[in-house]
Amino acid sequence: MCFDYKAVTGLIFIGIGFLLPAYAPPAKGEVITGTDEEAQLPFWEWRNDVMSVRLVQRLPDQTRAFFTARGFTKSQAEVIAQGCIFQTVYKNIATPSKPGVIEYDLTQWKVLYQGDVRALKVKEAWQQEWEKAKVPQPAQIAFFWALIPTQQRFEPQDYNWGMTSYNLVPGEKFDLEMVWRQDGVKQSGAIRGIECAPDVELEPRNPFG
Amino acid sequence: MRNYSRFVVFPITFVMTFFITLMFATVVYAEKSQPLHPVTGTPMAPDFSLNDIDGKPHALQDYRGMVVIINFWATWCPPCRYELPSMERAYQRLKKQGIEMLAINVGEDADTIFTFTVDYPVTFPLLMDLDSKVIKDYPVVGLPTTYVVDSKGRLVYRAIGTREWDDAALMQKILDLKK
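Those sequence lines, one after another, are chains X and W.
For the first sequence, position 60 (counting from the first letter as 1) is numbered 60 according to the numbering used here, and the numbering increases by one without interruption.
For the second sequence, position 49 (counting from the first letter as 1) is numbered 1049 according to the numbering used here, and the numbering increases by one without interruption.
Everything labelled a hint here was simulated from the structure, so no lab data went into it.
As the structure is a computational prediction, the values presented were derived from the model and not from experiment.
Warning: the hint list may mix true and false statements.
Simulated crosslink set (DSS-like; lysine-lysine; CA at most 30 angstroms straight-line) [stated by the list, open to error]: (1) Lys1095/W / Lys1179/W; (2) Lys1136/W / Lys1152/W; (3) Lys132/X / Lys1133/W; (4) Lys110/X / Lys1136/W; (5) Lys132/X / Lys1136/W; (6) Lys1136/W / Lys74/X.
Just chain W, same shape as in the assembly (with noise of 0.2 angstroms):
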């Protein structure tokens, strides 16, 4: 008689071996995410005019029917400074679907930004909340804090902390703001 069991216990093998690999890069996966915590009541976002380093205003009501992410950071704070290379990546591919992105400074003159953005280089504007009285408007505890604002003006998403901005399931989240 021939021995057929190696016709039929590699497949069986092979294919519980990629199923067991499968899950266990999905639960590495999942505990390695970036998580946008959902903002309850999803409350309209308050609005404001700020200028950026440049002295050019910017109104969150300009950016009606676009989806912003409008994150609260100081120079001085060192988990605000770790995201800001990953925001930059993901606002190069997030613009093109258009995305804006807010990175309002607590406290801070126009000096004292741009000279940090010499080892900080990013393109999206930085605005000064030079009496912090935006931040104060809106449920902010401590830096740096990132709220996403749907469409429609209002604050859906929320993160305290550092995210890195650029992973792929986190973009997709907001991305799916626009459908």
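Same shape as in the complex, but just chain X (with noise of 0.2 angstroms):
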């Protein structure tokens, strides 16, 4: 039998060079977890010297609220509610000594849960769901608006909010994998056993306790 050893090495090459892009080294980072002082939720956080993205959870009661104020339906803020929202604060934390810029995409992340790897459901996604249903257009604008951006480029200490929606039940445990671009670079992390929020009331606070 005779090889075309020539023909294979290109071949390997031409493999390498396809899959080399697509190729993430993970970031040097580190995940911390708690309870996020204002929201009172849990909350996972990834963060190096330059970038942090945390992750608190928003109880579908709160999104429910939050929808069903902007002129959702109760049926379409139940939708929403029970698609695993979490409230993301994405930002840019390089400081002028060490400045960074970050470029991100979430339609390039992915949701790993029970073996399955699933893409997070965009705010694009979302917005043909509301056109065809006809919602009306304020409540589209708040939707719009309330959702983290897509992609977004950060230039030192820029950062926003806005929620993220995993397309999960709640109380669905999940591993997040991320990727961005930091100073053009493309670099991942990941942050495991993040959990969509159960579907509880609060019980009140004893004011006295």
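Two chains, two frames, some hints: make the complex.
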């Protein structure tokens, strides 16, 4: 049997050439978890010295209230509330002495759930549904701006808050694999064991307790 | 022989300590600065005409020749709320220098905004972009986003997210546009 080694080597290099741009080396960073001071709900945060991404649980009830107050019907708000929504704070925390520009695209992020690889449900996907359902314009506008931008470029100290949607039911756990570019160089990071908020009502606090 | 070392060592130590402290303070100050990022190409700011919550129309053209800060916001947006008090403090100082500030609310009506101003009183015009047409004309993808327009009507600076608008260095950068 005879091999054309040149052809095989060429094919290997072509294969590497295709795969290399998709590879994003993991960036050095840490994941911290705890209770968000303002929301008093669990958060998961990936951070290094240039970037931080914090996902704060949103109770389905909060989401229902927010969107019904902005013109969605109860059933439409229910669909959003059941979609595993997180308040997301994405920051470029680079300092002037060590600047860095961050660019991200949420359509490249992966949601790992029970062995499946899924995508986030970004605002454009939702928007198509709302247009089909003829949701009133003010409600659509509020929804569009309430979700975090799908693509964004952050200079040092820029940041956004907004909701992200994972298309999972309340109480489910998932891993999130994120990719971004720092000064044009592709990088990646992961947060494991994120938990969608359960569909529960908060117990009223005892003001004297 | 008399010991003169303290006359030499003490002043040198004092001077060195002073400069090290100054350097440290400069670095800390720079790290805490509130950056405004230059807009590439300084394109012309898209014109608009919007009513404020009292029904008074405001066209960007009316402010030609002035430096104008244009802030896009919404009442339900937490970082938008955070920066409103510092915007008001900055406005109180900058308006005396002939600099205008316009806050364009996205998609909310006059009643909603008026109710909101009970908790967040501001004196600069609050304009209503009810159908979000104006925000779509601007290169804005998230709230809050703020642009600074120079006296020739060009977009010169941009900030995504909250800033402390009454930060001295930030305000100076805006004042420098008047020169």
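Comparing the hints with the structure gives:
1. Lys1095/W / Lys1179/W: holds (16 angstroms)
2. Lys1136/W / Lys1152/W: holds (22 angstroms)
3. Lys132/X / Lys1133/W: Within the cut-off at roughly 20 angstroms; holds.
4. Lys110/X / Lys1136/W: holds (29 angstroms)
5. Lys132/X / Lys1136/W: With Cα atoms ~21 angstroms apart, Lys132/X and Lys1136/W stay inside 30 angstroms; holds.
6. Lys1136/W / Lys74/X: holds (28 angstroms)
Violation of the numbered hints given earlier is absent; every hint is satisfied by the structure.
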